[in-house]
Amino acid sequence: MVFRTFDLLMRTKFNVLLICLLVTLCFACKQQSGRLIPVNDFFKSQERVAFAISPDGKNLSYLKLINKKQELFIESLESGKATQITKLDDHVIGYYSWVSDNELIYYKESQDKNKQSSVYIIDKTGGNERQLNENEKSRLRVLKDQLIDNKYLLVSSNKRDSTVFDVYRLNVRDGKMEMAVKNPGNITDWITDTKGQLRLAISSDGVNEKLLYRENESQPFTAIQTNSFTTTIKPISFSETNPNVIYAISNMNRDKNALVELDCKTGKETKVLFANDTLNVVDAQYSRSKKRMGFVICETWKKEKFYLDDTVKAFYNKLDKLLPGTEYRIFDRDKDENLFIVRTFTDKNPGSYYLYFANKGQIKKLSDFNSSLKEQDLAEMKPISFTSRDGLKINGYLTLPLNKSPKDLPVVVLPHNGPGSRNTWGYNPEVQLLANRGYAVFQINYRGSSGYGKAFMTAGYKQWGGKINNDINDGVKWLISQKIADPKRVAIYGTGLGGYIALNSIFSSPGMYACAASNSGVINLFSYLKSIPPYLKSNLQMYYTIVGNPVTDVEYMRQVSPVFHSEKFNVPVFVAQSTNDPRINSGEVVQFVKELKKRKVNITYLEKGNETSPVGNEQSRQQMYLALEQFLDINLKKK
Amino acid sequence: MTADKNSGYRKNFSLIITFLILISVFFVLSLFLAYNFSKKFIENEFVSEKVNVLEASITPYNEFFQNKLPEVSYYNGYLDSATTSRFVDTLLLQYPFVSRVVFYDTEVSTIPVRDGLNIGHFTMGPKYVYQFGSLVPMDSVKLFAKNDPSTAMRGDEFNTLGIKLINYIENLDTARAPTADELFSNFSVVRSNKITYLNIPRFEDLKVYKQMMQRKLSTSPVYQQDMLTFYLDPSKIKIINANPKLYQNIRIEPLTYDPLDTSSQFVTTEITLPGPFSDYKLYFISAQSFVDKAIFRYFLPIAIVLMVFYGVLVLVGFLIYRNLNINQKLYKLQYDFVNNLTHEFKTPVSVIKIAGNNIRSAAALTEREQKMYGRILDEEADKLNGLMNKLLAFTQIENKAIQLNQEKVNIVDFIESTIESHQLKHPDFHFTYEVSGFKNFTTDPVLLGSLFDNLAENAYKYSSPDQKYLHVSARHIKGKIVFRFTDKGIGIPAPEINNIFKKFYRVQNQYNQNGSVGLGLAFCKELITLMKGEISVKSKVNKGTEFKIILPYNE
Numbered sequence: 001m002v003f004r005t006f007d008l009l010m011r012t013k014f015n016v017l018l019i020c021l022l023v024t025l026c027f028a029c030k031q032q033s034g035r036l037i038p039v040n041d042f043f044k045s046q047e048r049v050a051f052a053i054s055p056d057g058k059n060l061s062y063l064k065l066i067n068k069k070q071e072l073f074i075e076s077l078e079s080g081k082a083t084q085i086t087k088l089d090d091h092v093i094g095y096y097s098w099v100s101d102n103e104l105i106y107y108k109e110s111q112d113k114n115k116q117s118s119v120y121i122i123d124k125t126g127g128n129e130r131q132l133n134e135n136e137k138s139r140l141r142v143l144k145d146q147l148i149d150n151k152y153l154l155v156s157s158n159k160r161d162s163t164v165f166d167v168y169r170l171n172v173r174d175g176k177m178e179m180a181v182k183n184p185g186n187i188t189d190w191i192t193d194t195k196g197q198l199r200l201a202i203s204s205d206g207v208n209e210k211l212l213y214r215e216n217e218s219q220p221f222t223a224i225q226t227n228s229f230t231t232t233i234k235p236i237s238f239s240e241t242n243p244n245v246i247y248a249i250s251n252m253n254r255d256k257n258a259l260v261e262l263d264c265k266t267g268k269e270t271k272v273l274f275a276n277d278t279l280n281v282v283d284a285q286y287s288r289s290k291k292r293m294g295f296v297i298c299e300t301w302k303k304e305k306f307y308l309d310d311t312v313k314a315f316y317n318k319l320d321k322l323l324p325g326t327e328y329r330i331f332d333r334d335k336d337e338n339l340f341i342v343r344t345f346t347d348k349n350p351g352s353y354y355l356y357f358a359n360k361g362q363i364k365k366l367s368d369f370n371s372s373l374k375e376q377d378l379a380e381m382k383p384i385s386f387t388s389r390d391g392l393k394i395n396g397y398l399t400l401p402l403n404k405s406p407k408d409l410p411v412v413v414l415p416h417n418g419p420g421s422r423n424t425w426g427y428n429p430e431v432q433l434l435a436n437r438g439y440a441v442f443q444i445n446y447r448g449s450s451g452y453g454k455a456f457m458t459a460g461y462k463q464w465g466g467k468i469n470n471d472i473n474d475g476v477k478w479l480i481s482q483k484i485a486d487p488k489r490v491a492i493y494g495t496g497l498g499g500y501i502a503l504n505s506i507f508s509s510p511g512m513y514a515c516a517a518s519n520s521g522v523i524n525l526f527s528y529l530k531s532i533p534p535y536l537k538s539n540l541q542m543y544y545t546i547v548g549n550p551v552t553d554v555e556y557m558r559q560v561s562p563v564f565h566s567e568k569f570n571v572p573v574f575v576a577q578s579t580n581d582p583r584i585n586s587g588e589v590v591q592f593v594k595e596l597k598k599r600k601v602n603i604t605y606l607e608k609g610n611e612t613s614p615v616g617n618e619q620s621r622q623q624m625y626l627a628l629e630q631f632l633d634i635n636l637k638k639k
Numbered sequence: 001m002t003a004d005k006n007s008g009y010r011k012n013f014s015l016i017i018t019f020l021i022l023i024s025v026f027f028v029l030s031l032f033l034a035y036n037f038s039k040k041f042i043e044n045e046f047v048s049e050k051v052n053v054l055e056a057s058i059t060p061y062n063e064f065f066q067n068k069l070p071e072v073s074y075y076n077g078y079l080d081s082a083t084t085s086r087f088v089d090t091l092l093l094q095y096p097f098v099s100r101v102v103f104y105d106t107e108v109s110t111i112p113v114r115d116g117l118n119i120g121h122f123t124m125g126p127k128y129v130y131q132f133g134s135l136v137p138m139d140s141v142k143l144f145a146k147n148d149p150s151t152a153m154r155g156d157e158f159n160t161l162g163i164k165l166i167n168y169i170e171n172l173d174t175a176r177a178p179t180a181d182e183l184f185s186n187f188s189v190v191r192s193n194k195i196t197y198l199n200i201p202r203f204e205d206l207k208v209y210k211q212m213m214q215r216k217l218s219t220s221p222v223y224q225q226d227m228l229t230f231y232l233d234p235s236k237i238k239i240i241n242a243n244p245k246l247y248q249n250i251r252i253e254p255l256t257y258d259p260l261d262t263s264s265q266f267v268t269t270e271i272t273l274p275g276p277f278s279d280y281k282l283y284f285i286s287a288q289s290f291v292d293k294a295i296f297r298y299f300l301p302i303a304i305v306l307m308v309f310y311g312v313l314v315l316v317g318f319l320i321y322r323n324l325n326i327n328q329k330l331y332k333l334q335y336d337f338v339n340n341l342t343h344e345f346k347t348p349v350s351v352i353k354i355a356g357n358n359i360r361s362a363a364a365l366t367e368r369e370q371k372m373y374g375r376i377l378d379e380e381a382d383k384l385n386g387l388m389n390k391l392l393a394f395t396q397i398e399n400k401a402i403q404l405n406q407e408k409v410n411i412v413d414f415i416e417s418t419i420e421s422h423q424l425k426h427p428d429f430h431f432t433y434e435v436s437g438f439k440n441f442t443t444d445p446v447l448l449g450s451l452f453d454n455l456a457e458n459a460y461k462y463s464s465p466d467q468k469y470l471h472v473s474a475r476h477i478k479g480k481i482v483f484r485f486t487d488k489g490i491g492i493p494a495p496e497i498n499n500i501f502k503k504f505y506r507v508q509n510q511y512n513q514n515g516s517v518g519l520g521l522a523f524c525k526e527l528i529t530l531m532k533g534e535i536s537v538k539s540k541v542n543k544g545t546e547f548k549i550i551l552p553y554n555e
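Residue numbers (the working numbering), protein chains in the order written: chain P, 1 to 639; chain C, 1 to 555.
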């Protein structure tokens, strides 16, 4: 259940990311002549995002950019008439959802660094807006976006103790919260059954996760499964026919994720619905109308569906025909499963939103994600693989610049940001920007990346600056042996832990890279671990396992943390950070940069503006990428 | 120099001497001032340069303080004894003034501690205390362990910084993130010969610390802190004598060090060391003779510059004097020339006047008388005319106003006609010639004639009456025509030989008392220059003179 906790950790970050992707100014900026696409065009998003459909299928909702703020709009499907129902001051909408045919809830987040979020409920007409959480300091999450008895909403909140989330039944009519389950202190996630009953919970003491189950809400939870956090059991849904059975994605006793049926009474796997030694299940779809699992999604170099139900298969085959060559996901549907919000994308296209009418077999485009990009200007993202020095098969992607023969190219290696994630196939603005500027972009799913099984994942533990870097270096050597990379012009650039890998490579593999760039990069593993907020205490042990235990592995962590090795840096370095970034100790980075400057290392230091403000964000993003572009131009391309 | 006074030309030697004396006085004065200045300067330098020595010597300490201390924070409280030991080892190597390090592996929690500080629910106490250093025996590395009651903590440094930290946290403004400088100064204590440093926790942690002081928290968090006390030995500071020519000896002495026996033969100064070394000072001492050497080293280049300046002034004075001298000589020459010229003109004019008077006063002229006066008038007029022509021609040549006529000249005919005209004038003139290698050449016959006339005239004039002899030889040698005019005259004294081609110059002797302007040879030289030739002279007094003329040969 490891990634649920990651999810939690990443959620705030993801929201910020989502906002910075979505909230952009739409200048009437035409594509420049020539092939060079302006930086901002890569990151532009449509002005209408986050489409959803009301359960009765009568109304469409979306966020639309009004005066640089994303306001919530409701559009009637019959009349086509759209009404703005929110009016934001200095907050942004982090998330919203329909809870009934007539009501929606949404999270408002303040833009200061506290990022306090409050939850509101509002009628589809825009009236009757009420704040649901009373305490500004606590956090509140909606567990199930459906009203129970037409008035209760199941939420979790840490208002009792900032370190634990209890489950509350929130009366949306009067705002009263009554505690549904008190968290004994280590439950990190709650799951409801199809009727909104809280019958499943996941507890974690950091290393071990427990699946807790009760037959009904009056009974206490009992543990049915205990796993180390390397094991995933991700409940998908309760079975409608058998109340004690859940469908879950599990890699218990196997390397790759499979879809299984779990009997909660015994805690045993009763049936394997889909399993394959080479395929890793990343998602599964439960069809409420068919009352059975519809399909699983496995991810190799791209996501593929494997159908468990013929009618579902027929349904998607129709969609496949309507949306050829794209990867798509159904974002929302009405209760009758007639109307669907579909979001498509490819590697060369950020994609579009469609409304699919299942009964008519028709599709209607709602909006393009980024209309300023043209597919013929973007580069193809090809899957590659190579064998590491210790015989592990490592996968990755290579994006070659257009109109250039794939020989002796300057290469930017792009390590992804850390554990529990991987590079995926699809539109990536950073990759496309670099490819458009003439660089081959090399992404490697180094060991420790998710999606390649348990063994591959655990192989990366405590290998930061060790085997992880070896994998990346082996990849570069492979690329050089393919004559694609110019061995003298290889740069490495990453964000977060990717930035950490980039900086680490400079002193651990001298001579390999011409220059390195880090965006909000981690330069000290001690500080990185220290940055885990106190209420995520239960995650510390997990991080200790993945990154390193600062109590017992002091020397290892010192060895691999760039901050201790400023005297070994000799090639040009680019460091960008925001002083507000909670994940890094900016003072430490400044001290590090100062020491490099003292040593007369060619260093470009960029302090980005306020991370949380969307306007500032666009400016700072443009500033950051322009600086990076310039840095690479001087230190890589022209070398 | 009586003649000078007569001519009104002034040459004031006393002025020159006054000038020389004055600049010499200035020279000596400036040398004296320069020496005094050098002395003052070096004395000042002795006092002010100590700052540079201090700066250079203290640089490793500053580096240690600014770069190495913050490194403790990089560990975020996770330092253990092994890592600290390694950390200290590199420190000891790099910074010899660090003698010993005491490491307090500290925990901040809510559980009261026996050894340490308890404020509200905030407690801070060491789990272990270690000491590291090159002279620390293995069995006394571990000084204290929380769970070992046999060890006791003596932690002055721990308490000092702990109390400082507590004060800071109590007054912490949780609304505003503290600056790096503020944190650094509040997480370190600098005392005599030791520095204590506590790793700086994150702002979030500081806020929790503050809460812990104010109330009981529901959770009982435990935070790791590392406190390190660095014991420093000022005597191990490597003194870098940035100015070894000024300071003979620099040492580190206690602040109170002030020896009585420092005699006047020594110069001393001192400066207090900064930070934890403030009980000590750098003590600079140099022997007076050593300082004097430094003064001299500083003075020497100034003295050289002054001397060069003085030398240039004297040289300029001398040159001015020389120019004046030359001008005076030139002036004398011109004066003589005017004298001679007047004289030269006077004779024919007076002869003409006498002849005129005689003709006018005579009642009748006999035919013989008439012829005689006619001849006299004609001759004297010719003389005047010749003089004037000579003067005019010379001016013209000097101003390059003459155009060369190129005509073919038969050399034998040319010399014979010259000899004929001279022997007509002076029947006692023995004029011989020889020609070899050519018959004709192209030149300006008039100029060549003037040249021959002048040289022949001179040969005749400067010869004793029984030695009027001139031999001209003309040869064609390697594309040049070489004429030699050899006479048996009185010769030219060696000191004069360089002057004879100068304008208005005349060798003083009995032969040129009248009828000579001093233009002849200067005129010849100008002519030859115009004809693109050369003239040179060889002479022996009382033996004769030979002029050699080389002209380009044109067919």
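Treat the hints as calculated values from the structure; they're not laboratory data.
Take the hints with a grain of salt, since some may be wrong.
[Unchecked claim] Straight-line distance between alpha carbons at most 25 Å, and here's what the computed DSS-like set of lysine-lysine pairs gives: (1) K207(C) <-> K600(P); (2) K238(C) <-> K159(P); (3) K68(C) <-> K597(P); (4) K159(P) <-> K68(C); (5) K68(C) <-> K568(P); (6) K216(C) <-> K598(P); (7) K374(P) <-> K321(P); (8) K346(C) <-> K371(C).
[What the hints assert, rightly or not] So the derived label-pair ranges between C-beta atoms look like this: (9) D181(C) <-> D368(P): 30 to 36 Å; (10) Q288(C) <-> K600(P): 40 to 46 Å; (11) E629(P) <-> I240(C): 41 to 47 Å; (12) N208(P) <-> P274(C): 50 to 56 Å; (13) P149(C) <-> N208(P): 33 to 39 Å; (14) T90(C) <-> G511(P): 38 to 44 Å; (15) K176(P) <-> T174(C): 27 to 33 Å; (16) L402(P) <-> T174(C): 52 to 58 Å; (17) E629(P) <-> Q214(C): 46 to 52 Å.
[Stated by the list, open to error] Which stretches of chain P does chain C cover? Using the computed rule of at least three CB atoms under 8 Å from a CB of chain C, they are: (18) 273–286; (19) 585–598.
Built from N, CA and C at the ideal position, the CB exists for glycine as well.
Status of the hints after comparison with the structure:
1. Using a Cα cut-off of 25 Å, the hinted pair K207(C) and K600(P) is violated, with the two alpha carbons roughly 37 Å apart.
2. The hinted pair formed by K238(C) and K159(P) fails the criterion: a straight-line CA distance of about 60 Å is larger than 25 Å.
3. With a CA separation close to 16 Å, the supplied pair K68(C) and K597(P) stays within the 25 Å bound.
4. Restraint check for K159(P) and K68(C): the C-alpha separation of about 43 Å exceeds 25 Å, so the hint is violated.
5. At most 25 Å may separate the alpha-carbon atoms for a hinted pair to count; K68(C) and K568(P) meet this at roughly 16 Å.
6. Proposed proximity of K216(C) and K598(P) is contradicted: the alpha carbons are some 46 Å apart, above 25 Å.
7. With a C-alpha separation of about 22 Å, the suggested pairing of K374(P) with K321(P) holds against the 25 Å cut-off.
8. For the suggested pair K346(C) and K371(C), the alpha carbons sit about 23 Å apart, so the restraint of at most 25 Å is met.
9. Range check, D181(C) to D368(P): Cβ separation about 51 Å, and the 30 to 36 Å hint is violated.
10. For Q288(C) and K600(P), the Cβ-Cβ distance of about 44 Å falls inside the hinted range of 40 to 46 Å, so the restraint holds.
11. Distance hint check: the CB atoms of E629(P) and I240(C) are about 46 Å apart, consistent with the given range 41 to 47 Å.
12. For N208(P) and P274(C), the Cβ-Cβ distance of about 55 Å falls inside the hinted range of 50 to 56 Å, so the restraint holds.
13. One distance hint, 33 to 39 Å for the beta-carbon pair P149(C) and N208(P), holds here, with the actual separation near 36 Å.
14. Checking the proposed 38 to 44 Å range against T90(C) and G511(P) shows it is violated: the Cβ atoms sit about 25 Å from each other.
15. Checked against the hint of 27 to 33 Å, the pair K176(P) and T174(C) passes, with Cβ atoms roughly 32 Å apart.
16. The supplied range of 52 to 58 Å is met by L402(P) and T174(C), whose beta-carbon atoms lie about 53 Å from each other.
17. The supplied range of 46 to 52 Å is met by E629(P) and Q214(C), whose beta-carbon atoms lie about 50 Å from each other.
18. Residues of the segment 273–286 of chain P lying with their CB closer than 8 Å to a CB of chain C number 0, which falls below the three-residue condition for coverage.
19. Counting residues of the segment 585–598 of chain P whose CB lies closer than 8 Å to any CB of chain C gives 6, so the stated coverage by that chain holds, three being the minimum.
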